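So you can see what is in the structure, the chains are spelled out below.
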Amino acid sequence: MRKYLLDLTVSGNEKLSGNYILMKLTSEERLPDMLPGQFAEVRVDNSPSTFLRRPISIHFVDRDANELWFLIQLVGDGTRKLAELKKGDIVNVMVPLGNSFTMPSLEQQELLLVGGGVGIAPMLMLGAALRNLGYYPTFLIGARTKKDLLQLDAFENYGKVYMTTEDASCGEKGFVTNHSILTQKFDKIYTCGPTPMMKAVAAYAAKNNIDCEVSLENKMACGVGACLCCVTDTTEGHKCVCSDGPVFNIKDLKWQI
Amino acid sequence: MRKYLLDLTVSGNEKLSGNYILMKLTSEERLPDMLPGQFAEVRVDNSPSTFLRRPISIHFVDRDANELWFLIQLVGDGTRKLAELKKGDIVNVMVPLGNSFTMPSLEQQELLLVGGGVGIAPMLMLGAALRNLGYYPTFLIGARTKKDLLQLDAFENYGKVYMTTEDASCGEKGFVTNHSILTQKFDKIYTCGPTPMMKAVAAYAAKNNIDCEVSLENKMACGVGACLCCVTDTTEGHKCVCSDGPVFNIKDLKWQI
Amino acid sequence: MADLTTNIGNLVMKNPVMTASGTFGYGEEFSDFIDISRIGGIIVKGTTIKHREGNPYPRMAETPSGMLNAVGLQNKGVDYFIDHIYPRIKDTDTNILVNVSGSTVEDYVATAEKVGELDKIPAIELNISCPNVKEGGMAFGTSCESAAKVVSAVRKAYKKTLIVKLSPNVTNIAEIAMAVEGAGADSVSLINTIMGMAIDAEKRKPLLSTITGGLSGACVKPIALRMVWQVSNAVKIPVVGLGGIMNATDAIEFLLAGASAVEIGTANFIDPTVTIKVIDGINAYLDKHGFKSVKDIIGQLETK
Amino acid sequence: MADLTTNIGNLVMKNPVMTASGTFGYGEEFSDFIDISRIGGIIVKGTTIKHREGNPYPRMAETPSGMLNAVGLQNKGVDYFIDHIYPRIKDTDTNILVNVSGSTVEDYVATAEKVGELDKIPAIELNISCPNVKEGGMAFGTSCESAAKVVSAVRKAYKKTLIVKLSPNVTNIAEIAMAVEGAGADSVSLINTIMGMAIDAEKRKPLLSTITGGLSGACVKPIALRMVWQVSNAVKIPVVGLGGIMNATDAIEFLLAGASAVEIGTANFIDPTVTIKVIDGINAYLDKHGFKSVKDIIGQLETK
Ligand SMILES: Cc1cc2nc3c(=O)[nH]c(=O)nc-3n(C[C@H](O)[C@H](O)[C@H](O)COP(=O)(O)OP(=O)(O)OC[C@H]3O[C@@H](n4cnc5c(N)ncnc54)[C@H](O)[C@@H]3O)c2cc1C
Ligand SMILES: Cc1cc2nc3c(=O)[nH]c(=O)nc-3n(C[C@H](O)[C@H](O)[C@H](O)COP(=O)(O)OP(=O)(O)OC[C@H]3O[C@@H](n4cnc5c(N)ncnc54)[C@H](O)[C@@H]3O)c2cc1C
Ligand SMILES: Cc1cc2nc3c(=O)[nH]c(=O)nc-3n(C[C@H](O)[C@H](O)[C@H](O)COP(=O)(O)O)c2cc1C
Ligand SMILES: Cc1cc2nc3c(=O)[nH]c(=O)nc-3n(C[C@H](O)[C@H](O)[C@H](O)COP(=O)(O)O)c2cc1C
Ligand code: FES
Ligand code: FES
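For the protein sequence lines, the chains are P, F, S and D, in the order given. Residue numbering for the first sequence follows our numbering, beginning at 1 and increasing consecutively. Residue numbering for the second sequence follows our numbering, beginning at 258 and increasing consecutively. Residue numbering for the third sequence follows our numbering, beginning at 515 and increasing consecutively. Residue numbering for the fourth sequence follows our numbering, beginning at 819 and increasing consecutively.
The following block holds chain P by itself, in its conformation from the complex (with noise of 0.2 Å):
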């Protein structure tokens, strides 16, 4: 898919609950085609202890307002000064990049999409695009606590939502592997949230057979597989993240699950 370095122009930065903010950026331009799964590498203008770009996952492109959004986790200083620009200023992202999930290959599929924390981030553009086949995508959501849980209404615009929190100040108690949805059966998983919550979910998927993705994130310089810097282990030696990822089918990798 051909990658584009484009100049885009805030036209929303919304502080949500948490630490948390939702950019919007658009351009005069329609904005290049992207899958579920890819993700932008950022220029963070301003920011001395920023050298290198931020990979941003996409969490939606809303094709009538010709928007692309991230959800944004704040960090350290290239997400606090991407928080604070305003409408109208100009952020500089090369996108789209790196593979995107699967579509399932078969109709009537039940799909679980799990996201945990920020990780919930690529799962609204996912779920739009399986909704868009004909998909009813279950959402199954894990975060520490209520203020956590963010964009509710738009993932229900595409299927059902439950969640976990670990202090049961919303939905089931506990992390997402605990909750009573699990006890269905389920064709395919995908899922991307901190990697202790990955590792879970792909335990339960391997232990049931369940066909497994799991979007992955490492320290990046280049984003486009340049310079190897963002390596993980598969079965056939390492991969770059960035450009044979992020996401990976559970198979491939080699966890200990």
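One thing to keep in mind: the hints can contain errors.
Dumping the calculated BS3-like pairs for lysine-lysine here, alpha-carbon to alpha-carbon at most 27 Å [unchecked claim]: (1) 1054(D) - 717(S); (2) 343(F) - 15(P); (3) 15(P) - 185(P); (4) 86(P) - 272(F); (5) 894(D) - 508(F); (6) 894(D) - 832(D); (7) 806(S) - 1023(D); (8) 219(P) - 719(S); (9) 1095(D) - 717(S); (10) 1122(D) - 719(S); (11) 272(F) - 15(P); (12) 663(S) - 528(S); (13) 974(D) - 868(D); (14) 1113(D) - 719(S); (15) 15(P) - 344(F); (16) 528(S) - 802(S); (17) 87(P) - 344(F); (18) 173(P) - 160(P); (19) 1095(D) - 719(S); (20) 717(S) - 199(P); (21) 476(F) - 1023(D); (22) 868(D) - 511(F).
Derived from the structure by calculation, the hints contain no laboratory data. Note that the structure is a prediction, hence the values are computed from the model and not measured.
Once you've looked at the hints, dock chains F, S and D with the ligands against the given chain P.
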């Protein structure tokens, strides 16, 4: 004189003609005492290329408004970042630094204050201080063209103002040392501006046996006489522009004039 | 429009801007962003005789105005390169150079020989300076004797343009450059990364799997520029300068310090179009200052 | 409140934070901003046997996340220090150390002897690593033999705590550290500045009067940290770590890498109160992580 490290609040940041800004800073507390010729070391935040502080002269202290004024020419990343600051933003400054212009010891002196380009910055505070002591100084201001002539109204509060521009767009044509006012007799000259200008003024002063003080610039790191980066040649060897200066009497410098 | 052509030994380049090994993949990764044939030369990833998996991850850490990497020469080996990658890239209208790495003199020689048979590869860059591999690598580049030994051996086996990439992790880089010149190199390129380290204070652990890694990016520029200046004052062969070049002004500084060409590495990650901007910027500088050719500024630093 | 005391040989420090020579003057320059007696130690400007005018100007150039200096050991000589400066600063309630520099072994010894007679100076830092002087200086610090020679001679003449400041401009800093340890040093401090260069592309001239200068500041931290880690794994004497420390986290990284104390240099220019912030920050870190003493984290980097 006691030095302070202060977080000051921008109370005004005006774009002047040409490529200059007039920045006004204030504080909840009374601003410390400062003398004409002293400067501040200003921290520039969020500029990846501005590692060290930027030395900026004290242009004026408005005691009624409790405001410290800087007159700044935008030449690089640091000064451009300062120009972007808005009312209410915080600027960290080390102030006041350096020595100061010497006040005349006799009454009834004819004093000439020569400023070139942004070198007029310390001349306003100096003019105000001299006027306050009962002198009526003469300002001679040189610039390349009309739009580089700044703060003329402010200077007129304290003395007579004469001008030269290289393109004759305002005042007499040429350099300050060509101005007809120099045919008059002066007892003391104070000057700040580009080195070639100051050297020409110093040569004029030396030839006519006029006491003359110049305010020098140099690359600075610490601003407080600790690092010895900012030295200039004097009859007593290397002296620091930041702590022994920035004001030097030309008889102590080793200028070939 | 000034004349941007420059020479490295027998190698003629349409402009002095190359991409640094390990930072530009095989060029293809950047072809959506720029017309890579406009670049003066593309130096592909470090290539070894056998397939190498490289180091475990994490392999990257950000530092003030720079980054550390610990990739460790991951590559599929020279045979895979010849069979699968070379056919894909060989017709790019620019110079494609292979960065040849190894652990033993024999490995270097064998790899260089194989690459020497490829028609469309006019030159190699011999990497005797990789700080990210345990055996060989940087060790060759840190003493005059071992540097001369590997270069002599490769020189016998490789007839086209031989550029030797030097390590900055040495007391006297000019001496190493002279040893390499004496051993028959057509050119030296410098600098490779500087050995550095980063720690996660909260976890009390190194940020790289290998504890130490190679520092690159803007932060190393003052060191790289100094070494290029020292080396170009010490050798007669052309020098290729790199290390922290982020824009055209940086590149011009290296040319003034004595480099006949430059390489751009880490900056490609920050702006994938940087090479084109540097080429255009050098041209604009030459026009502005009235120079007809880039050769008119090489080594023209005025030091009184 | 954790126990912040640390030892360098016989020298007891109330906390591990010192100021680096040449960046903090004689302390007095900063006393309007902070209570300098809170600092663990103040290392004053490089002092030589005779008055030195230092290098011509310009002496400073800014670089990405750092700066170059070419001060060249300007100082009024050890006698002036003893007669005029020492009396003013000797009663500061902290350790005052003198950074002893020289061009010949005799100079070093003579200066160390004179400083040895000052009651209130409990230690010297022997600077065998200044890149900004033509004769001597860094040359002593770039070979094991010359480093050992000058240290042995000073050791004989100086009985109090002897810290030797190492140059980073070497192939193998651990070897130099071991040579210096063998010659009787009580401690090594590192790093001094890294030799670098900056050019004004528009004027085609160097930005420093001396063409090259010493690089310091945040940009050098990864290199300094790596060297501190290498040296503290190689020697038994305590190591003082410095180079690019800008905040408490940076300082903690050096302690974890094996430094028993740290020095803060360039950061003083950016924030004249940084030393106090670092001391408080180390304390907060120790409390947060449940360490009773700073000694509990020295060298405690987990590398599996
Ligand atoms: C493919 C991919 C997609 C991502 N999508 C999103 C997203 O949609 N929303 C979101 O909020 N975050 C996302 N991240 C994580 C995001 O890139 C990091 O949080 C961000 O780079 C931190 O930058 P910072 O300057 O704020 O923090 P820093 O000060 O740099 O670091 C703060 C923390 O973030 C970690 N971090 C720093 N750089 C990276 C990096 N390049 N990759 C991974 N972790 C890093 C550090 O280890 C540290 O723990 C994604 C990461 C990857 C690899
Ligand atoms: C005592 C003193 C008082 C000053 N007062 C004023 C003032 O009142 N108003 C004003 O506009 N400027 C003043 N200057 C100059 C001002 O400090 C520089 O213009 C400013 O630091 C440039 O910063 P920058 O990041 O915008 O430019 P940079 O990108 O850093 O450089 C642009 C140009 O400015 C020069 N420069 C950079 N740093 C310094 C420095 N530390 N000292 C001197 N020149 C430098 C560079 O050589 C270059 O030519 C003063 C300088 C000194 C030493
Ligand atoms: C991720 C990465 C991988 C690298 N791989 C190689 C390599 O395979 N061979 C080599 O000679 N240099 C390699 N280098 C070093 C660069 O080619 C270059 O010498 C160095 O990064 C300094 O230049 P820069 O500051 O412009 O990046 C690598 C650098 C980076 C950042
Ligand atoms: C302006 C300046 C002057 C210095 N003078 C000396 C000196 O006289 N003696 C010395 O041993 N080191 C000197 N140094 C080196 C510092 O002490 C320190 O080793 C170096 O700057 C690295 O630390 P930093 O990055 O924290 O500044 C000087 C450094 C600077 C920036
Ligand atoms: S980040 Fe460069 S290969 Fe993935
Ligand atoms: S800037 Fe440090 S002594 Fe003047």
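When you check the alpha-carbon spacing of residue 219(P) and residue 719(S), does it fall within 27 Å? Holds - the C-alpha atoms of residue 719(S) and residue 219(P) are around 16 Å apart, at most 27 Å.
Hint consistency between residue 974(D) and residue 868(D) [alpha-carbon to alpha-carbon, up to 27 Å]: holds (21 Å)
Would you check the hint for residue 1054(D) and residue 717(S), treating anything up to 27 Å between C-alpha atoms as holding? holds (25 Å)
Would the hint linking residue 806(S) and residue 1023(D) be met if the CA-CA limit is 27 Å? holds (20 Å)
Restraint check for residue 1113(D) with residue 719(S), where alpha carbons must lie at most 27 Å apart: Cα-Cα ~17 Å, so holds.
Within 27 Å, alpha carbon to alpha carbon, are residue 87(P) and residue 344(F)? Holds. Residue 87(P) to residue 344(F) sits at ~19 Å (cutoff 27 Å).
Is the hinted pair residue 528(S) and residue 802(S) satisfied, with a Cα-Cα distance of at most 27 Å? Holds, at roughly 20 Å.
Measure nothing beyond the straight line between the CA atoms of residue 86(P) and residue 272(F); if it is 27 Å or shorter, mark the hint as holding. With Cα atoms ~22 Å apart, residue 86(P) and residue 272(F) stay inside 27 Å; holds.
Is residue 15(P) within 27 Å of residue 185(P), Cα to Cα? Answer violated: residue 15(P) to residue 185(P) is near 37 Å, above 27 Å.
Given the hint that residue 15(P) pairs with residue 344(F), does the C-alpha gap stay at or below 27 Å? holds (23 Å)
So if I understand the rule, the pair passes when the alpha-carbon distance is 27 Å or less; does residue 894(D) with residue 832(D) pass? violated (30 Å)
Between the alpha carbons of residue 272(F) and residue 15(P), is the straight-line distance 27 Å or under? Violated. Residue 272(F) to residue 15(P) sits at ~32 Å, over the 27 Å cutoff.
In this structure, the earlier hints numbered 3, 6, 11, 12 are contradicted, and the remaining ones agree with it.
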